[in-house]
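Going down the list, the protein sequences come from chains A and B. So the first sequence is residues 738 to 1139, counted in my numbering. So the second sequence is residues 433 to 808, counted in my numbering.
Mixed in with the good hints there might be a few duds.
Which stretches of chain B does chain A cover? Using the computed rule of at least three CB atoms under 8 Å from a CB of chain A, they are [unchecked claim]: (1) 479–487; (2) 589–597; (3) 665–675.
Quick look at which bits of chain B chain A covers, simulated, 3 or more residues with Cβ under 8 Å [what the hints assert, rightly or not]: (4) 494–500; (5) 618–626; (6) 684–690; (7) 723–733.
Bear in mind the hints are in silico, worked out from the structure with no lab data behind them. Even for Gly, the Cβ is constructed at its ideal location relative to N, Cα and C.
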Amino acid sequence: MSLGLPVHLVPHHVRRAYAKAAHIVALVCILTAVFAVIAIQSAQTDRILWPILIAFGVMLAALWQLDRHRTPFYNAAYLAVGGACVYWVSVVAMSEFPGAELSDNFILSMAKVALIMVGGAGVRTITGIAWTVGGGLVAGLATFIATEQTGSTFVIDGTAVAAVVLFSALQVGLTLTRMRGPSAQPNLHRAARDEQLSAMRYRIEVKAAAIMHDTVLNHLAAIANAPAGELQQSLRGQVDRDLEVLVGEEWLLDADGAPDQQAHVDWRTSPLFKVVDESRQLGLEVEVSGDLAAVSRLGVERATAVALATKQCLVNVSRHAGTDRAELVVYGSDREVSVMVIDTGKGFSEEETGSDRLGLRQSVRRRIENVGGSVQVWSTPGKGTSVMIRVPAVDRAGTQTP
Amino acid sequence: MSAERTFQQLDPLGVLIGRPMTYLAAAGIPVYASTMTWFNRFDIDFPLLAVAALAVVAVTSAALVYGSSPLRAPFTLRMHALVSGAAALAYVLSALSMWRSNGYVRDDWGPLVIGLALLSLSQYRPPKEIASTGLALALFVGLFTLLQTHSFLTVTPDIVFALVAMLPILALSLASAAFGEHLINDLVRWRRRAQEAVSSYATQNTGWIARSVQQDRVTILNQEVVPFFAEVLQRGIISDEDRQRARRISDAIRVIMVAEVDRTWLDSIVEQVAGHASDDPNRLAVSMTMDQRTATRAAIVAIAQHPAFSARAFDLSIRAVDSVVTISVRATLETGDNVLRGQIAPYLAVIRVVFSDVKVEFSSPTLALRFSYEQR
């Protein structure tokens, strides 16, 4: 996938991702310090270090809340609670190791770095850096007060300073690089939109071709093959209807724009039933069997496509198969509906059906593929033809399976 | 090609503009390692190993810069292995160089270099892969640290030394994975909404598209069919001449319709920019995914919008060998500048991500672009 975030959204997303990453660093620091305290406490049982674990527990809870609510209040609360925890950790450590220069001790450093990883609220980089530096200052102040109270020596913590510098620089870097607007991004978005329109146009063109084939071309063929003389009444009606509909109405809009609101159609009123009925009136004997109710699991668009494709199959039987009998079998499953048109006529080879190839190709195959279905044709010259039309069914919620 | 769940695969352009961060990391890592080596110079027992460690750090940085180049996108697993492997090797060499005299774990640069290298990969590799590598390397470094405790001056359980060494790797690799995962999730969520908006835009435009297509058809029908049908209806009689005329009109319309439904989306674009159709006799363009279509469309439009573009000398052909489809584009850009580094570069980066086996050459004035994909 090639579409990226629009430029105006990038700073917001990057800041949120940065805050998440910072909180992960804080979590790892706290957990590592906890393991270290447990290890030291286990080895040096004469010292009382376990109260430090309480402070880290409180800090973890504050961090969890901060990660869930990235607001100024929770950031400030984290610094306040975390600052108190750093103070508590410092006092316990310095009391248990009197005289040692502990203010940059590893466990204390981890507590301070966890505070520096406050993450910050808002979108602006300067605010984010202010929170980072604020975390460092609160941590430093908490340690300083603890050293004053316990009489220890205060030392600048190189690890904490390095963390402030590194993560401030990281935020500046992220902002500076993201500020360079990607001029190509809008063009990609435009290309994606054009592609959607192009796909939509193609679908409508295929539909138009199939409709043209079913109407104008079929009736031109009927005139070409009609005996010279008076125009038959039925043909007159069809040609009349062609002129009225194709020139006068918005036939494509109706065909494509109709949403699948009437999701369920019953067999007797289904488009497929009408097609079978029409074919019977034209003299073709159509034997229908199978799970006829399954057609009610087709949406309007697919039901229409299946009916029109079936109509073309039946027209092909009467015109080319050399038989006046066809069998239509409907199969249904939860996921799809299949309609099979079988005849025992002359059969054909799909590649040898003429250079125009429009009937089977447009009115059957592409029309069905256009609604997400598939068509399989088995034909043996001299033995007959079976056309299997398969389309996804509408699920119980009423949405079409893609 | 199989698309990995990386930010680079999802947003190649975003990664392209974020690339200076990779440069910064690549420059900062050797500077940091050299500085810390200088500060720890009195702990070094084997200077040659210390120098070798710094040389391998340089390899790590070079691999980062090389692998993240848009001309070589996407950043592969192999490049990740090289970056992580080199960083780990640099750590080992550095630790060996101070084997007898290393007093403190906290000032060792090796673990932080590994962590920073993994942090730099956040945009290029899948978050899970970065996290797994981080965990594995942290474990390795922890165990390796336990072998060095003989020289440490601090009195504390050995496991604490291991934790100190593991921490930068764990923290930065997991942060890197979290950063990448968050960006990916945000992007996927936004894209889902954008997709709905685009689809709804297309649906909203169905009306005028349908009317425009219908108008095209009606124009064709008005030329011969409508007058012919009207005449036949008026007369109510079919003559031999009518029958021949019906056949002729029918054949003519079929030819137009076959040509229209055979024209692919790519034909339409190439027609717009070059005035002729693409060379795609088997209609292979229709088997491209929507992403591939978008990337191809954007790249062609970008090439065509280049000031030096010559419409007459633009050709695009698509051929398939077995299941591999190859698209070859040849364009003429009358310029002495290297267009591969100019305004077309971002689109080529996108092409690299959604297609495989991309080859681009510009020998003024001919731009030759070839890319492939596996037909589904």
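### Query
Which numbered conditions among the earlier hints are violated in the structure presented, ordered from lowest to highest?
1 and 4
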